[in-house]
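Participant: The task is to assemble the complex, starting from two chains supplied on their own in separate frames and drawing on the hints.
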Amino acid sequence: MLASLGGFAAASRTFGYAFEFSSARGFATEPAETAARQLARYPQKTELILLTDRPPQLETPLRYFRTDITPNDAFFVRWHLSGIPTTVDLQTFRLEVGGHVKKPLSLSLDDLQSKFEPVTQVALCQCAGNSRGLFEPRVPGGQWANGAMGNARWRGARLKDVLDAAEVLPGTVQVGLHGLDSPPLEKTPRFEKSLQIDHARDGDVIIAYEMNGEPLPMLNGFPIRLVVPGWYATYWVKALSSIKALDQPLKTFWMDKAYRIPDNADANEDHQHLSPLTIPINRMSVHSIFVRPEPDEQLRAGQRYELAGVANDGGNGIRRVEVSQDGGQTWSDATLGTDLGKYSWRRWQAWWTPPAIGSYRLMVRATNAAGETQRAAQWNRSGYQRGVIEQLDVVVL
Amino acid sequence: MSNWGIVLVVAVAAMGLTVSVRVYSQQPTTSASKPAAKAASPVHSIVLPQYPPGIAEGPNVETYRKDCLTCHTARYVSMQPRFSKTVWQNEVKKMVDAFGAAIPEADQALIVEYLVAVNGAEAPATISAPPR
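Keeping their order, the protein sequence lines are chains A and B. Residue numbering for the first sequence follows the numbering used here, starting at 1463 and increasing by one per position. Residue numbering for the second sequence follows the numbering used here, starting at 3 and increasing by one per position.
Among the hints, erroneous ones may be present.
What the hints assert, rightly or not - Here are some of the chain B residues that sit facing chain A, going by a computed Cβ distance under 10 angstroms:
id, residue
1, Val49
2, Val89
3, Ala119
By construction, these hints were calculated from the structure, which means they are not laboratory data. Here a beta-carbon is modelled for each residue, glycine too, at the ideal position from N, C-alpha and C.
Next comes chain B alone, as it looks inside the complex (with noise of 0.2 angstroms):
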C-alpha cells in the first residue's frame, strides 16, 4: 500500500510541474528529470557532451581561434587531409563570401598562412592528434 501512495505522490507531483522536461543524456540521469520523463512531458531536451578538439599549435593560432572557431570546431580543419594553399585560400574565401563570417582581409591571410602550416600538402606533420 505504501509503495502504491508514492507512486500517486509522485504522480500528482508531476501533473502538477508547470514545465516538466525529457532530458536525454548520455551522463547519468540525475534525479530531477527521473520522474519528468515518466510523466510523458511534451517538452524533449538533450544535453550536448562536450567533445573539446585539438588545436594545433602553429603560426597566428589566435587569429583563427578567434575568428574561425566561433562559428565550427577546429575539428573542420583537423578532419581533412592535407590541401594546397589554393584549397585552403578558398575554403577561408567560401567562409567570408557564402556563410558570411567577418573576418577582416588581413586576418584571412594570417588564416589561411597558419592552414598551410598545420594541415598544407607541403606542411611538415605536425599535427596534433585528436584526444582520445
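With the rest of the complex left out, here is chain A (with noise of 0.2 angstroms):
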C-alpha cells in the first residue's frame, strides 16, 4: 500500500492539468485515504482494504475484478450498524412474513429451499456510494474507491413467490424489509428498507441463499439477503428476518432522509446550488471503470498492453465500451466480455501500445442497450450513484 502511496504522489505532480476536465483528479480512480488504507483478514474472508472495523466495511481490491464472478472471500462488506450478527442457529432462525398478508408465513432455511422453486441470476451488487471517494469537491460517507462492488451468481426463492404464499391483500403498496443487525443505541433507527409492491412482485427480487454456490459468508448476509438485481445493495438487506405487506408508504429515516439523489436521471447537482428535490437511490446507472492498469502501475513504451475493466448498468445491457487513451480526443471500442445476463456487469478489454514515454489520460465510457451513456461531469452532496466518464492517469516509462 505505501507503494500505491508512492504512485500517487508521483502522479498528482506529474500531472499539473488535473483539473482540466471539470470532475478530473489527477489521480481518478483512488483517492488518497484509500491509497494509504491498510488491508485487514476477516473470517472467511481475503485481505480487503480496511475502512471501518466497527462496523466493519471492507473494500475489494481491484485485482478481484479480472473475472467475471467476484469470489466470495474478495466480496466488499458494508454494514451500517455496529449491532451486526455474528451467530445464526439455522435450527431457529426464522424469515417472518407478515403485515398487510392473509396468511403470515415463519419460513426456516429449509423451508426457503425446499418449498419454492430455486431460480438462479448472476448479478452486481455495488453500493450506493461506491467511489465516493473520487467525486470533488470531497463528500463525508464511507470513503470507496471503485471497488464496493462485485458480481456473483445468486440462487435462491423469488420474493414473489414466497409474498404469494403469504397472499398479501388488497392495498398493499410496499414491502418493508429488515435483517439479524440491531443499533448500537435504542434512539437509532433500525436499518431497513422499502420495495414499491409492483417491484417487490416483478419475479426478478430473489431471498438469495447461495453467492456462488455456497451459502453466503457470514459478513455479506448469511443465511440469506435480497437480491434486487439492477438496484444499487442499498436495498439488498443482509441477513434478511422480516418481511412485510405495507398498506402505507414505509417511514423511516433509511427511506426518507439516507439513501436519496437529486431528482434527475443522472443524481447530478451543483454544490452551490443544492437540488430542492430529492428521491430514494434507485436503479444502477450507467458505469464503467478501468481494472487495468491500477492507479499505481508503470507502463512501458512500445510495449503491448492489456487495457482491462468492466462495466454496468441498472438492467437494459452493456452494448458498447469505448476508450480512450489521449484524454478524450480520440476514442475506439473495447471488446466486450462474456455476457452473463442484463443484470451482470460486462468485463472488457482494448490493447494499446504506448507509443513513447510520457504521461497519458485514458479514459473509459460505456453505452447500455437503452442507448444510455455516462456524463463528463458529475456531483451530489452524498456522493450516491457516480457514473461519471472514468479517468486515469498512467506514466509510460
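Facilitator: Dropping the structure here:
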C-alpha cells in the first residue's frame, strides 16, 4: 500500500492539469486516504481494504475484478450499525413474512430451499456510495474507491413466490424489509428499506441463500439476503429476517433521509445550488471502470498492454464500451467479454501500445442497450451513484 | 480398524453435543471447533478480529471517545478527507438528530472543536496514520 501512496504522489506532481476536466482529479481511481489504508483479514474473507472496523466496511482490491465472478472471500462488506450478526442458529432462524397479508409465514432456511422454486441470476451488487472518494468537491461518508461492488451468481427463492404464498392483501403498496442487524442505541433507527409492491412482485427480486454455489459468508448476509437486480445494494438487505406487506409507505430514516439522490436521472446537482427535490436512490446508472492498469502501475513505451475493466448498468445490459488514450480526443471500441445476463457487469478489454515515454490520460465510457451513456461531470452532496466517465492518468516509461 | 473406531467415537460425540457451533475465524482453528465443523452444526458463528484504530490526539479527545466511539470506530473520522467546520458540525448534528446519539449540547461543540483540530480543512497535518 505504501507503494501505491508513492504512486499517487508521483502522479499528482506529474499532472498539473488535473482540474482541466470538470470532474477530474489527477488520481481519478483512488482517493489518497484509500491508498494509505491498511489491509485487514476477516472471517471467511481474504485480505481486503479496511475502511472501518466497527461496524466492518471492507473494500475489494481491484485485481479481483479481473474475472467475471467476484470470489465470495473477496466480496466487499458494508454494514451500517455496529450490532451486526455474528452467530446464526439455523434451527431457530426464521424469515417472518407478515403485515398486510392473509397468511403470515415463518420460514426456516430449509423451507425457503424446499418449498419454493429455486432460481439463479448473475447480478452485480454495487454500493450506492461506490467511488464516493472520487467526487470533487469531496463529500463525507464511506470513502470508497471503485471496489465497493462485486458480481455474483445468486440462487434463491423469488420474493414474488414468497409473497404469493403469504397472500398479500389488496391495498398493499410496499414491502418493508429488515435483517438481523441491530442499532447500538435505543434511539438509533433500525436499518430497514422498502420496495414498491410491484417491484417486489416482478419476479426478478430474489431471497438468496447461495452465492456462487456456496452459503453466503456471514459478513455478506448469511443465511439469506435480498437480491434486487439492477438496483443499488442498499436494498439488498443482509441477514434478511422480516418482510412486511404495508398498506402505507414505510416511514424510516433509511428511506426518507438517507440514500436519497437529486431528482434527476444522473443524480447530479451543483454544490452551490443543491437540488430542492430528492428521491430514494434506485436503479444503477451506466458505469465503467479500469481494472488494468491500476492507479500506481507504470507502463512501458512500445510494449503492448492489455487495458481491461468492467462496465454495468441497471438492467438493460451493456452494449458498447469505448476507450481513449488521449484524454478523450479520440475513442475506440473495446472488446466486450462474456455476456452473463443483463444484471451482470460486462468485462471489457482493449490492447494499447503506448507510443512513447510520457504521461497519458486514459478514459473509458460505456453505453447500454437503451442507448444511455455516461456524463463527463457529476456531483451530488452524498456521493451516490457515481457514473462519470472514468479517467486514469498513467506514466509511460 | 482403529482409525475407523476414532471416527465413530468423534461422530457419536458430535451428535451427542447439545450445542455445536461452526466457528469461522481467521485465527488458527481451535481444537474444540474442529469436530463441530465436521458435524455440520446448525449454529454458524464468526469471531470478529480486532483492528484497533489510531485515535488522533487533540483538544477534547476524551469527550470524543466517550460520546462518539461508543457506537462506531474512530475510523469513521480518520478515513475522511479534511472538511470545513460546517461539514463537521452537520455530521455531529446528524449523529444526534438522526442516529439518536445522546450527546449533551455542550459536548457537541467540544467534539466539533476536536474534529476541526484533527481533520479540519484548515488543520495542520497532525492526524495520526492508521496502524499498519
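Participant: Each hint needs a verdict: does it hold in this structure or not?
Facilitator: Against the structure, the hints come out as follows:
1. Val49: Given a least distance of 6 angstroms, the restraint on Val49 of chain B holds.
2. Val89: Nearest chain A Cβ about 6 angstroms off; hint holds.
3. Ala119: violated (17 angstroms)
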